[in-house]
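Residue numbers (the numbering used here), protein chains in the order written: chain A, 400 to 1194; chain B, 400 to 1194.
Please note: incorrect hints may appear among the correct ones.
Claimed, not checked - Okay, derived cross-link-like pairs now, DSS-like style, lysine-lysine, Cα gap no bigger than 30 Å in a straight line:
no. : chain 1 : residue 1 : chain 2 : residue 2
1   : B       : K1064     : A       : K924
2   : A       : K416      : A       : K924
3   : A       : K924      : B       : K416
4   : A       : K416      : B       : K924
5   : B       : K924      : B       : K416
Calculated directly from the structure, the hints in this document are not laboratory data.
There are 2 protein chains.
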Amino acid sequence: MSTRSFGARIRRNIDPKLLRGEGSFVDDIPLPSPLHAAFVRSPFARARIRSVDAAAARAHPGVAAVYTCDEIGALDIELPQLIPHPSMTDPRTQRPLARGDVFHVGQPVAMVVAVDRYTAEDAAALVDVDYDPLPVEVDLERAVMDGAPLVHATHPNNVAAHFRQVSGDPARAMAQAEHVTRIRVQVDRSTAAPMECRAVAAMFDAVTGELTVWDGTQAPISVRGALASILGLDEDKVRVVAPDVGGGFGQKVYQFYPDELLVPMAARALGRPVKYIEDRRENFIGSSQERTQIHEIELHARRTGEVIALRDLFLHDTGAFIPYGIAIPQVASTSIAGAYRIPNIEVEFRCVYTPTVPVTPYRGCGRPQATFAIERALDQLAEELGLDRFEVRRRNLVADHEFPLLRSGLLFADGLPVSLDSGQYHRALALLAERLGAAGFAEEQELARGQGRYLGLGLAFYVEGTGLGPYEGGHVRVHPITGKVYVNTGLTSQGQGHDTVFAQIVADQLGVAVEDVIVVEGDTKAFDWGVATFASRAAVVSGNAIHQSAALVRAKAIAAAANMLEVDAEAIDLREGAAWVRGTNRHVSLAAVATATNPLRYAFNEAAKAATQFAPASRHDGPALRPGEHPGLEATDYYSPPCATWAYGVHGGLFEVDPVTCAVKVLRYVCVHDCGTMINPTIVEGQVLGGIAQGFGGALYERIEFDEDGNPINANFVDFLIPYATEVPPVEILHLETPSPLNPLGVKGVGEAGCIPVGAVVASGIEDALRPLGGAPFRHVPITPSMIHAAVAGT
Amino acid sequence: MSTRSFGARIRRNIDPKLLRGEGSFVDDIPLPSPLHAAFVRSPFARARIRSVDAAAARAHPGVAAVYTCDEIGALDIELPQLIPHPSMTDPRTQRPLARGDVFHVGQPVAMVVAVDRYTAEDAAALVDVDYDPLPVEVDLERAVMDGAPLVHATHPNNVAAHFRQVSGDPARAMAQAEHVTRIRVQVDRSTAAPMECRAVAAMFDAVTGELTVWDGTQAPISVRGALASILGLDEDKVRVVAPDVGGGFGQKVYQFYPDELLVPMAARALGRPVKYIEDRRENFIGSSQERTQIHEIELHARRTGEVIALRDLFLHDTGAFIPYGIAIPQVASTSIAGAYRIPNIEVEFRCVYTPTVPVTPYRGCGRPQATFAIERALDQLAEELGLDRFEVRRRNLVADHEFPLLRSGLLFADGLPVSLDSGQYHRALALLAERLGAAGFAEEQELARGQGRYLGLGLAFYVEGTGLGPYEGGHVRVHPITGKVYVNTGLTSQGQGHDTVFAQIVADQLGVAVEDVIVVEGDTKAFDWGVATFASRAAVVSGNAIHQSAALVRAKAIAAAANMLEVDAEAIDLREGAAWVRGTNRHVSLAAVATATNPLRYAFNEAAKAATQFAPASRHDGPALRPGEHPGLEATDYYSPPCATWAYGVHGGLFEVDPVTCAVKVLRYVCVHDCGTMINPTIVEGQVLGGIAQGFGGALYERIEFDEDGNPINANFVDFLIPYATEVPPVEILHLETPSPLNPLGVKGVGEAGCIPVGAVVASGIEDALRPLGGAPFRHVPITPSMIHAAVAGT
């Protein structure tokens, strides 16, 4: 190929459309005379429902239907527990509409469908629900104490799951330790806050029996499966389309929100399209959240700083339900040893029900908490042993020759043992130190202190198991006439730029321009099989599936072109949208090759065959297609990773903290990042930067707050602070590219990376800045001005 | 399998829906605010257009657009010639809207799109077209004479194509003949007259760029290809759906009617759905027709009646255009020797342009004409040699041991030499003679004559090359949860019962009930590749493709079930919707097998795997899917026939003709029919009966009439007579089943069979009845009372 698209800084195909406001989100789908849904939601964190009286709402002009749990037939169930695990007993999941009890403020109790949203909300206010409030405990540590009010009577001490994993022989190693560092760290609850809230619209065709659903989901194929299964439809009769989606970050892969099932049900029952567009408050009280964990971590070390054992005991807040099982704490517990060799590990957690919005993975999924724990502990170990923070890491980082490093006994979220597959951890740390000027920083810091300025350097390393299975597929098809290449896969984009990176993969294989490759995702009629977008897996799993499919199409194109041009396959070169006889000007367009691989007109008439310019691609005696031969220039293949592939990185920052105003200023922020081979550095940087922005949210601003009764008290963008452009510092990004040995493209996931270490970096930096002032260390994020004030005041 | 569906008289799945009026035809598709199209059509058979003034129409209230050839951009072309052949020079095809000239009454000149059909027709009447009429000749024999007015100035003597084929050494054989029979026969023009006229509706989504078209077509995939190509869209952006369609008979596979292209174009241009529902008059003057051929046939025989050479020279009326090339006369010319061994054949034809509705294949496609020619000639030969009509056939019919009988030199419509593959011709003839009581008929006839009643026996043998390639595909998928089996193929049904016969094929393979197999056809989003429904090919080509796909799914199901039940594959039996360990009660439902073949939840978590009731179907170490393994219980395969497979049959009837009223009464009608292995005898009989009904139309009633100026004079159901139930006699059907050696199922096509010999049988019978009265023989169908009167009066 003349120029390689893979690895190039190609601009995103989708941006012009989105920037011109021509995106088509769920609310933009034109529907004939749609009805609109609104929900009646619980105002109590925990209550028994004495009665629901919907008569007034039903009588309200313009109301088509009011559904309570009594009117939803097969949907009146506890929704499926998605990831079973024996550490859970009788896991509790949500019912589409509450029956008997409510478990968090915002839980849907009834759905009103009316001619417009205004009417639907008015009518929702007329639904009279008589609640009997019950006592609650929202504090994680108090919730597990004896006597705490229970979220579910079935679960003593509110413990939803209890799990312990061990790698190596931690007891023996701990006995040999010369130094032990113990700290308690806490990460608070945040939310994904996607720019577009969730949305679902549905239309049912009574004649064909086909249900079409537009859903701003990360998992259209799963939604189709659930709808078909619960509504008693065959999957072929259900089409789920995820159109343009304005950010997901995990929140949109909940599987299954009540509205995702109830809106299609209503569309079918009422014979009219129905839509529901979540508003921002509903996103805060009804869509899933994540983060709260409290870790008690111990590092058992030699005096040299070499950590020989790690013990971690933590609590994980799972909210009112546990639909995702132990996915988040399992990721946290298997990431707890970070990038360090630490051969002996014991990690144990309890998942705790609290009467709050359910918790499911949010970008990072347990890794920010694990990274915060191990990195804060390493800083503490360094301090206790009088070591430099870089040095203590150098002494523990996995060396290049140690890959793959297996942590036998620690099963990752894919059910397979943790195995760090490749990396250049030492080089990454050295690059960071160099770029950040770490060597000279102490002097700079000293100088500043003399001027009454408090500067600090923070750093944190992290690893990220990415590209989880089980599989994704890819379909690649070259169109006749136009020569355009269409690519389909089962997962879908919420703005990540799949349409560009997948196009790059295919463009190289087929020798076409990236803009001639059209990626169609998120439509169950376009691709039937797949899982979802989560776990930084799209590039790894769909990317490799598409790569393999494109390679099959390439082989087919070369064989067909060789036949048409009457040369050997080895003589064919694919470039510039055509197949060329190498070293000559003889060529045939890929469009013509695609046309010829459909043996359509040729077979009608022998004379017609002779009349065509080229021999048909599959010319041979006998049938137009040989047994097993398929028409068309297309192929479908699947990629199923053997296990997770581990990306990593190290971030560092220089901070200035004002002990009077308690303001934190980020002077510099450097990210050294390695996600294996990069398909498109620009998109990698976009992902990393976006992640870092969200990381700053979690480090300094974002905390979902509940009062003692479990009422959310900052469920809006005035009180819940997300970083704007003004709060996100410029970031210097340095790339390393250590290919993954686990997949043909050598890629690793990058979707979540950016956010993982930021809390640890910021805490490390603030602590470093304020060290001369003494006070408490920073082991709790987000770090608010009040917390800084308290720390400084404590001196 | 306990009971076999294949071969059983299963009721048609689709009938309850259709009988309850719940079918969904194009006009039933609910569209948001559709616009309606009407056409301005030429009132002249041949004219030059001086000017078109659409101003008044455009100004008419409610009109959205008026299109002439100047406003249709890329569509202002001569549409593709579908089947090229060197016997044609510069073949003429239709333009979507006339430019410069019109070539038949009814040709579209402009399209009006308005808020409703009423308004559109009013506005169409306001389009002022100034025509300069030109002279015409509609008589086929006069049209080829020097000096006849030309339809296309490019074609002297109106000859569109001229082709001659030779098998054996006819010149040498003719020199050896002891007797020559020469007759001229004529078959007149008819029309398919489907119960539902043609219809097309289209909707364009400007945001996604997707065009959806509902088209009552026999060839949705071809329509998609044409639309994509001509409108400059990629095929993935065009979805063509053929919903329920009320009969096609070839007329709906024209490819491409102007409205099929113009309506989608307008929907795209106007941003609103547009529909066009053809009315009956438009069907007569705008949709294709077929039949007129005039044959001069010679049989060169020995005195024994053995025909050693055949020469046939014929004219074929192709109407104003020749979109299908020489398909019809080529089928006629290669079927001309019928079921007879005749080793030396010379056949030559000219396709003749006439200023009439274009001619494309109509059920039978040239075979009724060829059968009429050879069978009438054999009757004449018998008469001339004083032989019994059965006996002269016996002496020439291909014997069982002679199969396959190759007619080298005669290329059939698939471009391959004619090769009669299998049959029991002699047995069929004997069965007919026996059932009809042929042995005793002469006595009966004599007796009747004594009573002044004129009875006649008619018979005709025919062969039919069926199941043409190039290919069709099948996709078979077992659904998780429900266990229902979905089957997709690229061609589509117009009422033939595909949904039942394809389901029978699959039901046996997978051991499920026929009603649990759902066949979805005619939707380019459901299956991407295929050709169309024509040439009695669906059961042969799609049937075998689906059979092969089902066999792949069967193998996959057995392997997966064996894994789940922990036995060898050989021990598994599929029946009653489940996989059973043979000889035991241990089983697992096919739904569960389908669920297990999607390695979805298993891979999330090792513990979850252990928790499932059965081992996952694809359990093994490493990735969830092995390289090349695909998820789900599904498969796609294609079938591509090596050449046509030849069905055959012989019909006979007893007739009574009243020489005074000229009424023809059918006393008995017997059909001996062999379409290879039968999938469903009830459906075979439905096809045969329907064909015979249409055959009686062509034999006694249906003739499209033009006046000298080329004006259709019976373009309605009052003047153009189609047989009602009262005109179709009871038919006795006897089946033979000689499997086709060419495909796994052993099937041959049956869609057209019934209509092929009826004209010859009726003519033979009337001639036999009236023989004592002398007069002209019957060599021209349809046979009207006037023709009988003339024949009788001639004595």
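Does the alpha-carbon distance linking K416 of chain A and K924 of chain A stay inside the 30 Å limit? holds (23 Å)
Within a Cα-Cα threshold of 30 Å, do K416 of chain A and K924 of chain B meet the stated pairing? holds (25 Å)
Proposed proximity, K416 of chain B with K924 of chain A (alpha carbon, max 30 Å): holds (25 Å)
Is K1064 of chain B within 30 Å of K924 of chain A, Cα to Cα? violated (55 Å)
Keeping to a limit of 30 Å between CA atoms, is the pair of K924 of chain B and K416 of chain B held or broken? Holds, at about 23 Å.
In the structure shown, a violation is registered for the earlier hint numbered 1 alone.
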